[in-house]
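Asker: Turn these sequences into a full structure, and let the hints guide you.
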Amino acid sequence: MIIKFKDKFESIFYAVLYGNLTGYYLSSQNEPDDLFQAEEFIEIERLNWKEILDQHNQKFGKINWFKNQDEQFRQFKNTIELALRHWKQFKYKLIIETIRQALKFGLIYVNNKTSNEAKDLLNLTGQVKSDIHRALGFIRFIPIERGKEKFLLAYFEEDSQVGDLVINNFKNKYFGYNLLIKTSKTVYFLYQHQLYQLATNKFDLQITKDNFDKFWEVFYQANFIPERKNTKLAKKLIPKKYWSWLKEGQIINQVDKNLI
Amino acid sequence: MEILNKLKILTDAAKYDVCASSACSQSNWGSKGFGNMSRMGVCHSFTPDGRCISLFKVLLTNQCINDCLYCINRKSNDRLKTCFGERELADLFIQFYKRNYVEGLFLTSGIYKNSEETMERMIKVIEILRFEYQFRGYIHLKVLPGVSPGLINKGAVLANRMSINLECPTTNKLELICPEKDFKHDLIAPMLSMKKIIKNDKTKIPAGQTTQMIIGASGENDREIITTSAWLYQKVNLCRIYYSAFIPVNQASNLPVKEPVSLKRESRLYQADWLMRRYGFAFQELPFDQTGNLPLDFDPKMAWAILNLDKFPIEINKASYRALLRIPGIGEISARRIIKLRKDFHITSLEELKNIGVVLKRAVNFILIKGKYFGQASFNNKILPILGENSLLPNQNQEQLAFAL
Ligand code: SF4
Numbered sequence: 001m002i003i004k005f006k007d008k009f010e011s012i013f014y015a016v017l018y019g020n021l022t023g024y025y026l027s028s029q030n031e032p033d034d035l036f037q038a039e040e041f042i043e044i045e046r047l048n049w050k051e052i053l054d055q056h057n058q059k060f061g062k063i064n065w066f067k068n069q070d071e072q073f074r075q076f077k078n079t080i081e082l083a084l085r086h087w088k089q090f091k092y093k094l095i096i097e098t099i100r101q102a103l104k105f106g107l108i109y110v111n112n113k114t115s116n117e118a119k120d121l122l123n124l125t126g127q128v129k130s131d132i133h134r135a136l137g138f139i140r141f142i143p144i145e146r147g148k149e150k151f152l153l154a155y156f157e158e159d160s161q162v163g164d165l166v167i168n169n170f171k172n173k174y175f176g177y178n179l180l181i182k183t184s185k186t187v188y189f190l191y192q193h194q195l196y197q198l199a200t201n202k203f204d205l206q207i208t209k210d211n212f213d214k215f216w217e218v219f220y221q222a223n224f225i226p227e228r229k230n231t232k233l234a235k236k237l238i239p240k241k242y243w244s245w246l247k248e249g250q251i252i253n254q255v256d257k258n259l260i
Numbered sequence: 001m002e003i004l005n006k007l008k009i010l011t012d013a014a015k016y017d018v019c020a021s022s023a024c025s026q027s028n029w030g031s032k033g034f035g036n037m038s039r040m041g042v043c044h045s046f047t048p049d050g051r052c053i054s055l056f057k058v059l060l061t062n063q064c065i066n067d068c069l070y071c072i073n074r075k076s077n078d079r080l081k082t083c084f085g086e087r088e089l090a091d092l093f094i095q096f097y098k099r100n101y102v103e104g105l106f107l108t109s110g111i112y113k114n115s116e117e118t119m120e121r122m123i124k125v126i127e128i129l130r131f132e133y134q135f136r137g138y139i140h141l142k143v144l145p146g147v148s149p150g151l152i153n154k155g156a157v158l159a160n161r162m163s164i165n166l167e168c169p170t171t172n173k174l175e176l177i178c179p180e181k182d183f184k185h186d187l188i189a190p191m192l193s194m195k196k197i198i199k200n201d202k203t204k205i206p207a208g209q210t211t212q213m214i215i216g217a218s219g220e221n222d223r224e225i226i227t228t229s230a231w232l233y234q235k236v237n238l239c240r241i242y243y244s245a246f247i248p249v250n251q252a253s254n255l256p257v258k259e260p261v262s263l264k265r266e267s268r269l270y271q272a273d274w275l276m277r278r279y280g281f282a283f284q285e286l287p288f289d290q291t292g293n294l295p296l297d298f299d300p301k302m303a304w305a306i307l308n309l310d311k312f313p314i315e316i317n318k319a320s321y322r323a324l325l326r327i328p329g330i331g332e333i334s335a336r337r338i339i340k341l342r343k344d345f346h347i348t349s350l351e352e353l354k355n356i357g358v359v360l361k362r363a364v365n366f367i368l369i370k371g372k373y374f375g376q377a378s379f380n381n382k383i384l385p386i387l388g389e390n391s392l393l394p395n396q397n398q399e400q401l402a403f404a405l
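Heads up: the sequence lines are chains B and C, in that order. The end of the first sequence is residue 260 by our numbering, with every number in the run present. The end of the second sequence is residue 405 by our numbering, with every number in the run present.
There's no promise every hint is true.
[To be verified] Partial pick of chain B residues on the chain C-facing surface, computed with a CB cut under 7 Å:
#, residue
1, ILE42
2, ASN78
3, GLY106
4, ILE108
5, LYS119
6, ASN172
7, PHE175
8, PHE219
9, ALA222
10, PHE224
11, LYS229
12, LEU233
13, LEU237
14, LYS241
15, TYR242
[Unchecked claim] Selected chain C positions facing chain B (Cβ under 8 Å, derived; list incomplete):
#, residue
16, GLY35
17, ILE53
18, LEU263
19, ASP297
20, TYR373
What the hints contain is simulated information worked out from the structure, not anything from laboratory work. Cβ coordinates follow ideal geometry from the N, Cα and C atoms, glycine included.
Answerer: Okay, here's the thing in structure tokens:
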């Protein structure tokens with residue numbers, strides 16, 4: 001038997017509890033299930049969570065941190081919700097194991113990366129955070145106006161699924177603008193303060209660059225201090241996956257070849 | 001002149017000012033309009049030298065009445081001089097900001113005619129941004145030498161951060177390379193004005209004031225620099241001091257130093273500064289050598305630890321937060337994690353410490369875990385492998401070191 005959970009903290013948490021009670025295997029609804037096609041499954045969403053918690057409390061003792069829901073709990077929940085956005089499938093294994101450790105040793109143990117699994121999970125979360133942070137820095141908007149409405153459009157390639165968080169972060173910065181961020185899979189569209197998510201293949205919009213690029217290029221090159229040249233570091237800080245729309249990649253390469 | 005050319009010249013001339021921070025937790029500039037503040041700061045790109053670009057950093061003009069020997073904008077330099085119009089600059093900045101190229105503005109300038117008039121024009125640029133564009137994002141305004149308290153106050157209402165560059169640690173050193181500037185009157189007095197403004201009104205200059213020193217241009221040593229830094233942090237409440245290794249961009253024959261200063265020296269100064277600001281080290285504890293410089297072979301915390309072997313090894317499960325911070329390889333985050341964990345657990349293994357974020361290679365010789373030492377050989381011999389054959393340790397402490405070896 002397999003317990004299927006949704007990619008949400010509560011769903012996984014109760015699935016882990018139910019797994020502890022029954023010994024069943026756990027799997028995300030988003031995981032490819034070719035391996036277990038023949039297996040029967042239960043959706044954790046359909047079960048009574050309160051009953052599961054009561055039974056777990058009786059059998060294994062009270063989970064105080066879940067009852068208190070304090071700062072440590074919020075930190076833990078946030079870690080798991082961010083890790084769920086990571087593109088690697090082995091996140092599920094890490095999340096499940098870390099919840100089990102939290103049940104056994106408490107939240108301080110996992111929040112401080114004491115075990116290898118907790119450390120790996122927090123590293124995944126760190127990568128998701130870094131994807132968000134880089135998106136906030138590396139996204140380049142093209143402004144357009146239609147009548148009274150102002151739009152900022154951008155293309156961005158997301159590894160982890162972070163587009164909704166990124167666009168929300170831009171909400172305040174570009175107050176008064178409608179924002180559209182297109183990725184290869186999803187279009188995130190913040191229109192009149194409402195966020196819409198659409199499949200990219202169902203959305204016919206080409207984002208063409210304006211010629212402001214040349215101002216950026218001049219500004220970027222003028223900021224370079226040749227005496228401090230360190231292209232190795234620059235390449236590490238602007239990974240290659242961003243080079244398709246950031247001019248910097250080409251310039252760094254030219255500096256490397258002493259052409260600039 | 002075409003605006004693209006101006007951009008090129010006035011950016012190129014501003015690049016030696018190394019401050020790039022755009023972090024500010026609170027805005028002093030209303031809730032209407034656009035632009036916001038980021039608590040963390042955002043890097044929008046990295047130059048081929050690896051520095052973060054987060055601000056639109058430009059000069060209003062590269063004309064200057066002064067003749068500072070190290071400066072690319074000095075009046076005797078035969079370079080193309082130009083100037084942005086106030087509106088032209090404000091418009092250009094907004095175009096950069098809208099496209100998410102930058103997180104804010106860093107406005108500085110050479111001194112055109114005199115400091116007062118140039119500063120008025122810089123403030124005009126910011127007024128256009130704040131009042132016409134309703135821009136409420138991050139602005140760092142450079143204060144020009146000798147500017148009056150009235151103008152500083154005007155800038156303090158508009159800017160998130162302000163700074164005046166000290167360039168040298170003492171009056172004598174400044175005289176050597178900036179003959180027209182008066183250390184106390186032109187540089188320290190504006191700093192004290194800003195200090196007073198910040199103290200009296202928390203909404204003004206909410207991201208605080210900073211400064212920059214050019215390292216090595218006047219032949220000063222690290223002790224002189226750090227002495228002044230310590231004074232600035234304590235007495236003027238500066239939130240940050242930037243150190244910029246001297247690069248000879250001029251052929252001025254009377255420059256006291258003609259060679260570029262190593263980036264390692266710059267980095268050691270940042271580390272020493274960090275130890276004072278964040279790790280509770282007193283200025284007197286920093287490991288200067290007989291020439292008054294920090295050792296280049298070791299970072300200052302490692303050098304301090306080696307010179308204070310009697311204080312080690314430290315039991316990880318008992319040490320206070322402050323004591324943990326003094327162990328090489330343990331930073332603020334890992335020290336905090338250790339303290340939190342210890343409430344419920346004993347740390348029992350090197351692996352746990354590694355997971356927490358401790359750099360074991362650096363820490364292992366200075367710690368005990370539940371009374372057990374995992375370092376190399378006996379404690380007295382433990383620094384041998386770290387030192388290497390060619391290490392130069394502060395001469396004045398050779399004796400102390402000999403004991404350890
Ligand atoms: S006053 Fe400033 S801009 Fe003018 S020469 Fe001196 S350092 Fe350069």
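Asker: Each hint: holds or not?
Answerer: Hints versus structure:
no.: 1; hint: ILE42; in the structure: violated, 34 Å
no.: 2; hint: ASN78; in the structure: violated, 16 Å
no.: 3; hint: GLY106; in the structure: holds, 6 Å
no.: 4; hint: ILE108; in the structure: holds, 5 Å
no.: 5; hint: LYS119; in the structure: holds, 4 Å
no.: 6; hint: ASN172; in the structure: holds, 4 Å
no.: 7; hint: PHE175; in the structure: holds, 5 Å
no.: 8; hint: PHE219; in the structure: holds, 5 Å
no.: 9; hint: ALA222; in the structure: holds, 4 Å
no.: 10; hint: PHE224; in the structure: holds, 5 Å
no.: 11; hint: LYS229; in the structure: holds, 5 Å
no.: 12; hint: LEU233; in the structure: holds, 3 Å
no.: 13; hint: LEU237; in the structure: holds, 4 Å
no.: 14; hint: LYS241; in the structure: violated, 15 Å
no.: 15; hint: TYR242; in the structure: violated, 10 Å
no.: 16; hint: GLY35; in the structure: holds, 6 Å
no.: 17; hint: ILE53; in the structure: holds, 6 Å
no.: 18; hint: LEU263; in the structure: holds, 7 Å
no.: 19; hint: ASP297; in the structure: violated, 21 Å
no.: 20; hint: TYR373; in the structure: violated, 21 Å
Against the hints set out earlier in the document, violations occur for numbers 1, 2, 14, 15, 19, 20.
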